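Chain order of the listed sequences is A and B. Numbering of the first sequence is given in the numbering used here, commencing with residue 1 and proceeding in unit increments. Numbering of the second sequence is given in the numbering used here, commencing with residue 312 and proceeding in unit increments.
What the hints contain is simulated information worked out from the structure, not anything from laboratory work. These numbers were taken from a predicted model, which means no experiment stands behind them. Each residue gets a CB set at the ideal place from its N, CA and C atoms; glycine is no exception. Mixed in with the good hints there might be a few duds.
Stated by the list, open to error - Computed Cβ-Cβ distance ranges for the label pairs, DEER-style:
1) B:Lys-357 - A:Glu-46: 38 to 46 Å
2) A:Gly-72 - B:Lys-410: 47 to 55 Å
3) A:Phe-51 - B:Asp-407: 45 to 53 Å
4) A:Asn-216 - B:Ala-360: 55 to 63 Å
5) A:Asp-84 - B:Trp-341: 37 to 45 Å
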Amino acid sequence: MYDVIIIGSGPAGLTASIYTTRANLKTLVIGGVKWGGQLMLTTLVENFPGFPEGIQGPDLMENMRKQAEHHGAELLLEDFTKGDFSKQPFTLFAGDKQFQAKTVIITSGADAKWLNVPGEKERIGRGVSSCATCDAMFFRNKNVFIVGGGDSAMEEALVLANVAASVTIIHRRDAFRASEIMQQRAKEHPKINFLFNSEITEIKGEGRVQSALVKNIETGEVKEMPVDGIFVAIGHIPNTKVFEGIELDEQGYIKVRDHYHTNVPGVFTAGDVHDRSYRQAVTAAGFGCAAALETERWLAMQGKEAEFTAN
Amino acid sequence: MADFVVTDQNFEAEVLKSETPVLVDFWAEWCQPCKIVSPIVEELAKEYAGKIKVGKMDVDENPQTAGNYGVMSIPTLMVFKNGQPVKTTIGAQGKDALKRMVDEALAG
Ligand SMILES: Cc1cc2nc3c(=O)[nH]c(=O)nc-3n(C[C@H](O)[C@H](O)[C@H](O)COP(=O)(O)OP(=O)(O)OC[C@H]3O[C@@H](n4cnc5c(N)ncnc54)[C@H](O)[C@@H]3O)c2cc1C
């Protein structure tokens, strides 16, 4: 029986585990197959305090993991698959492994959103990607599209422009919502082109990406355009599908009550899985810390109540 | 340690003409998710010793083979049997999933 099981091993989950272990709570982190979370997919993180020259995302996560393990957190690199949150202690499954816990902190973060158009799913990893830093080198001297209009789309475009023959950013609206500085960098790059008011409606190709149907939203005209790679940067969706009994909001984020509680007493949440506003490593870590402290408080209170009833 | 290093040069002899099935781990130094998969692949190499050979192929140094098999995202793992790729997984996966893939490749 664990005092706390933390689901997810991004900045929120690992920070929470540092706090719970240091509070002498027996802690298991069901860290997921993709441990470390979103920062494992990026290069330099320049805004995490304490690293004046920045730090590589994966190095930061490696450090957090070491710190958590140093304090006694157990880390399981598998996905949580289902749980029974209807009665205490909670029962959690990771595949066929079963665990019990007095409290749970859900920090399963968010994953890249896909376009959901025909021809996309079967070509993920065959020309369709959501991670330029991971896959850019396969597109050396090739032509690629980026879909999106935010900072991450600009960033992906700049990474790809280093190696690709040409990069076209396709955006549904007539203006980007990316920050001025990122837009500027993209617009000044000679290899980056723009296609506004447009969307991809289908992806085609023999075993890999060879072309896409691109629709002009204003005129309705659809063109088939040859392309070798399509990078999707249209945001993230919270990983909440597996949490039966936990209340979500309309957009699928976990609904938080007072101080990181979910609708189930004893189940807490932290990070991108509930936070639609900030979505930063440092805020996720901060939420993780707060949720851990709340968990600790809640367990202490339950202990007192039990003592009270016993007497 | 994985059994051996696969290169464009030895691919035919060591993988395509191998008597035992071969699991090839396509990776690169700069690939972060590859670092999640590598230790699992090493464990599989031990657990499946004798049943399957495990090779690692650096796609930066060996672009030809990766290109021939349409590798466009790493980590990609492929099991080759009798000269043919019989199973492929793309992206970071857990050990259970990878074991299942190897078992299926060996059985099929
Ligand atoms: C490319 C990129 C660059 C970024 N750059 C920056 C930056 O420079 N600065 C910054 O502050 N922020 C940056 N961010 C945002 C930052 O990464 C996130 O805000 C932060 O990682 C959120 O942390 P988290 O712990 O809430 O979730 P995540 O990092 O998403 O981690 C969630 C974890 O939960 C795991 N998980 C999911 N489902 C399950 C399950 N069923 N069972 C078990 N585990 C599960 C996942 O595998 C993952 O390990 C960037 C994000 C991306 C994608």
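Earlier hints that do not hold, by number: Result: hints 2 and 3 break, sorted rising.
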